[in-house]
Amino acid sequence: MTRTPLIAGNWKMNLDHLQAIATVQKLAWTLKDTRHDFDDVEVAVFPPFTDLRSVQTLISADKLPIHFGAQDLSQFDSGAYTGDVSGAFLAALDAQYVIVGHSERRTLHGETDGVVAAKTAAAVKHGLVPVVCVGETGEQREERGAGVVPVEQLRVVLDAVKPADIVVAYEPVWAIGSGQAATAEQAQDECAAIRRGIAAAWGDQAAADTRVLYGGSVKSGNIAGFLREPDIDGALVGGASLDVQEFAAIARFRQHVGL
Numbered sequence: 001m002t003r004t005p006l007i008a009g010n011w012k013m014n015l016d017h018l019q020a021i022a023t024v025q026k027l028a029w030t031l032k033d034t035r036h037d038f039d040d041v042e043v044a045v046f047p048p049f050t051d052l053r054s055v056q057t058l059i060s061a062d063k064l065p066i067h068f069g070a071q072d073l074s075q076f077d078s079g080a081y082t083g084d085v086s087g088a089f090l091a092a093l094d095a096q097y098v099i100v101g102h103s104e105r106r107t108l109h110g111e112t113d114g115v116v117a118a119k120t121a122a123a124v125k126h127g128l129v130p131v132v133c134v135g136e137t138g139e140q141r142e143e144r145g146a147g148v149v150p151v152e153q154l155r156v157v158l159d160a161v162k163p164a165d166i167v168v169a170y171e172p173v174w175a176i177g178s179g180q181a182a183t184a185e186q187a188q189d190e191c192a193a194i195r196r197g198i199a200a201a202w203g204d205q206a207a208a209d210t211r212v213l214y215g216g217s218v219k220s221g222n223i224a225g226f227l228r229e230p231d232i233d234g235a236l237v238g239g240a241s242l243d244v245q246e247f248a249a250i251a252r253f254r255q256h257v258g259l
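When we follow the working numbering, the leftmost residue of the sequence shown carries the number 1, and every step to the right adds one.
Think of the hints as simulated: they come from the structure by calculation, not from any bench.
Hints may be right or wrong, so weigh each one.
[To be verified] The calculated BS3-like cross-link candidates involving lysine-lysine, where the alpha carbons are at most 30 Å apart (straight line), are:
{"id": "1", "residue 1": "63", "residue 2": "26"}
{"id": "2", "residue 1": "12", "residue 2": "125"}
{"id": "3", "residue 1": "63", "residue 2": "12"}
{"id": "4", "residue 1": "125", "residue 2": "162"}
{"id": "5", "residue 1": "26", "residue 2": "219"}
{"id": "6", "residue 1": "12", "residue 2": "32"}
{"id": "7", "residue 1": "63", "residue 2": "32"}
{"id": "8", "residue 1": "125", "residue 2": "63"}
{"id": "9", "residue 1": "26", "residue 2": "162"}
{"id": "10", "residue 1": "32", "residue 2": "219"}
{"id": "11", "residue 1": "219", "residue 2": "63"}
{"id": "12", "residue 1": "12", "residue 2": "219"}
{"id": "13", "residue 1": "26", "residue 2": "12"}
[Said to hold, decoys possible] Simulated DEER-style distance windows between Cβ atoms:
{"id": "14", "residue 1": "19", "residue 2": "199", "range": "21 to 31 Å"}
{"id": "15", "residue 1": "185", "residue 2": "57", "range": "40 to 50 Å"}
{"id": "16", "residue 1": "208", "residue 2": "37", "range": "21 to 31 Å"}
{"id": "17", "residue 1": "93", "residue 2": "142", "range": "36 to 46 Å"}
{"id": "18", "residue 1": "109", "residue 2": "219", "range": "21 to 31 Å"}
{"id": "19", "residue 1": "146", "residue 2": "228", "range": "11 to 21 Å"}
{"id": "20", "residue 1": "4", "residue 2": "93", "range": "32 to 42 Å"}
{"id": "21", "residue 1": "204", "residue 2": "83", "range": "36 to 46 Å"}
{"id": "22", "residue 1": "146", "residue 2": "77", "range": "14 to 24 Å"}
{"id": "23", "residue 1": "94", "residue 2": "239", "range": "24 to 34 Å"}
{"id": "24", "residue 1": "17", "residue 2": "148", "range": "34 to 44 Å"}
Every residue gets a Cβ at the ideal spot worked out from N, C-alpha and C, and that includes glycine.
Generate coordinates for the entire structure from the input sequences, incorporating the hints supplied.
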């Protein structure tokens with residue numbers, strides 16, 4: 001099975017619902033004007049919770065070929081969980097995706113591998129495709145070796161769901177915010193290790209079919225290098241996804257680098 005590249009824009013805690021509408025409209029127009037093939041390279045945005053209904057309404061009404069998802073969800077369906085959002089609610093909004101286990105959630109909110117696995121299972125239960133983030137700190141990488149911790153994190157998730165139900169995103173936590181940048185070769189090594197981990201748990205075919213994204217300071221100037229690597233199937237884009245022209249250029253990587 002051919003793995004369709006996915007360019008995913010994680011807006012984090014940026015843009016209110018009015019700004020979200022304007023951003024998605026402009027993104028759709030920009031990609032349409034450049035004749036982007038959405039079947040060849042999938043594009044998705046991940047707005048804050050308060051923007052989701054506005055984005056869903058716009059995409060549905062205008063029949064835009066852009067997918068959307070949430071940045072997190074609860075592992076619970078309903079109940080006394082103040083501030084949480086159920087996967088059932090996201091499914092009711094026709095969200096296609098949800099980010100699970102982002103490094104900021106793990107670091108700032110103390111999410112464990114077990115919680116990430118439970119959230120992933122909840123997403124799948126409600127028909128969402130979880131984008132499961134894995135990665136390691138500089139200390140973990142130095143002590144245990146490149147790729148070891150991400151594979152262990154993913155193994156816990158794969159005890160709860162099948163790889164066919166998820167997208168994996170590798171975050172180089174050791175490089176983010178440090179002034180270092182992961183090279184395309186380093187990213188490939190990590191993503192290849194992740195794919196080997198999937199193969200060990202579920203077999204070679206499952207590994208070959210699973211999309212693995214790279215997420216770490218991705219921009220139009222470096223996307224070509226990452227996407228040339230055989231085990232990288234797209235990007236989880238952070239800050240650059242807030243700039244429509246830049247994000248569109250990332251999504252159009254085939255056109256401007258001839259891939």
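How the hints compare with the structure:
Under the criterion of a C-alpha separation no larger than 30 Å, the hint pairing residue 63 with residue 26 is consistent with the structure, at around 14 Å. About 24 Å separates the Cα atoms of residue 12 and residue 125, which keeps this hinted pair within 30 Å; it holds. With a C-alpha separation of about 25 Å, the suggested pairing of residue 63 with residue 12 holds against the 30 Å cut-off. Simply put, residue 125 and residue 162 have alpha-carbon atoms about 12 Å apart, close enough for the 30 Å limit, and the pair holds.
Our distance criterion of 30 Å between C-alpha atoms is met by residue 26 and residue 219, whose separation comes to about 18 Å. Straight-line distance between C-alpha atoms of residue 12 and residue 32 comes to about 25 Å, which keeps the hinted pair within the 30 Å bound. With a CA separation close to 12 Å, the supplied pair residue 63 and residue 32 stays within the 30 Å bound. Note on residue 125 and residue 63: the hinted pairing holds, with a Cα-Cα distance of about 26 Å set against a maximum of 30 Å.
Between the alpha carbons of residue 26 and residue 162 the distance comes to roughly 36 Å, so the proposed pair goes past 30 Å and is violated. A C-alpha spacing of about 20 Å is found between residue 32 and residue 219, which places the hinted pair at or below 30 Å, so the restraint holds. The hinted pair formed by residue 219 and residue 63 meets the criterion: a straight-line CA distance of about 27 Å does not exceed 30 Å. Between residue 12 and residue 219 the alpha-carbon distance is near 16 Å, which keeps this suggested pair within the 30 Å criterion.
Between residue 26 and residue 12, the direct Cα distance comes to roughly 19 Å. Compliance with the 30 Å bound is thereby established for this hinted pair. For the pair residue 19 and residue 199, the supplied restraint of 21 to 31 Å is violated, since their beta-carbon distance comes to about 42 Å. Distance hint check for residue 185 and residue 57: the Cβ-Cβ separation is about 43 Å, which falls inside the suggested range of 40 to 50 Å. Judged by the Cβ atoms, the range 21 to 31 Å given for residue 208 and residue 37 holds: they are separated by roughly 23 Å.
At about 42 Å, the beta-carbon gap between residue 93 and residue 142 stays in the expected band of 36 to 46 Å. For the pair residue 109 and residue 219, the beta carbons lie near 27 Å from each other, so the given range of 21 to 31 Å is met. Between residue 146 and residue 228 the CB atoms are about 20 Å apart, so this pair conforms to the stated range of 11 to 21 Å. A hinted range of 32 to 42 Å for the beta carbons of residue 4 and residue 93 is inconsistent with their spacing of about 23 Å.
In this structure the supplied range 36 to 46 Å holds for residue 204 paired with residue 83, their Cβ-Cβ distance being about 42 Å. Between residue 146 and residue 77 the C-beta distance comes to about 38 Å, which lies outside the given range of 14 to 24 Å. Distance hint check for residue 94 and residue 239: the Cβ-Cβ separation is about 27 Å, which falls inside the suggested range of 24 to 34 Å. With their beta carbons about 41 Å apart, residue 17 and residue 148 fall inside the hinted range of 34 to 44 Å.
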